[in-house]
Amino acid sequence: SQQGEEDPQALSIQEGENATMNCSYKTSINNLQWYRQNSGRGLVHLILIRSNEREKHSGRLRVTLDTSKKSSSLLITASRAADTASYFCATDARGGGYNKLIFGAGTRLAVHP
Amino acid sequence: SAVISQKPSRDICQRGTSLTIQCQVDSQVTMMFWYRQQPGQSLTLIATANQGSEATYESGFVIDKFPISRPNLTFSTLTVSNMSPEDSSIYLCSVGIGSYNEQFFGPGTRLTVL
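Chains as they are written, first to last, in our numbering: chain A, 1 to 113; chain B, 1001 to 1114.
Keep in mind the hints are simulated off the structure, nothing from the lab. Possibly wrong hints are sitting among the right ones.
Said to hold, decoys possible - Here are the simulated distance ranges between beta carbons:
hint, chain 1, residue 1, chain 2, residue 2, range
1, B, G1098, A, R41, 19 to 27 Å
2, A, N38, B, T1079, 22 to 30 Å
3, B, G1060, A, Q9, 19 to 27 Å
4, A, E17, B, P1039, 47 to 55 Å
5, B, T1056, A, N38, 28 to 36 Å
For glycine and all other residues, C-beta sits at the position ideal for the given N, C-alpha and C.
Assemble the whole structure, with the sequences as input and the hints as a guide.
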């Protein structure tokens, strides 16, 4: 079964606005990774945040992790039309074996010019 | 990171046939993985491709249906056997890099079975 659950399932915003996507998971993790997928193509790795980290930044992206609430958020600031994509979180679960990732259902983001 | 290529990028196949998907990495990696993404869905791990030994399959996936080869540290293949329309999906390979298993994905193979 999938570990991660994301909300919202879909998000529609205007260019320049910020977009926030949330991810919740069920078990202890080693790390959590965020990915972007443009219309059914391959996944682009955005950020990895380790279980002992609380926040990471990369350009316009900000990821937070709250292990006590088993949740993470991805914030995209000053969004652009090119940010339109599906965003997935994936957890690398402790004791999961073989270092496998378990993906959330994803958030479909639409940024309108 | 790693540069990963997959062949073919897409294919349309007839029911009952088989398709082999290739995954090539530009550097030697220990961990390679195969995922399936059904239409409109998230990714599900099929198996971990182990170099020099049999692949490790996840629940719901079996070797007879999805045989995997891993002849060296830069290459793997996934075969989708005896295909049915339910196998229509995007198939993606990934590699795990570093002690934190940062995973990078290939561009995917979009398979349509008629």
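| Hints broken by the structure, by number, lowest first? | 4
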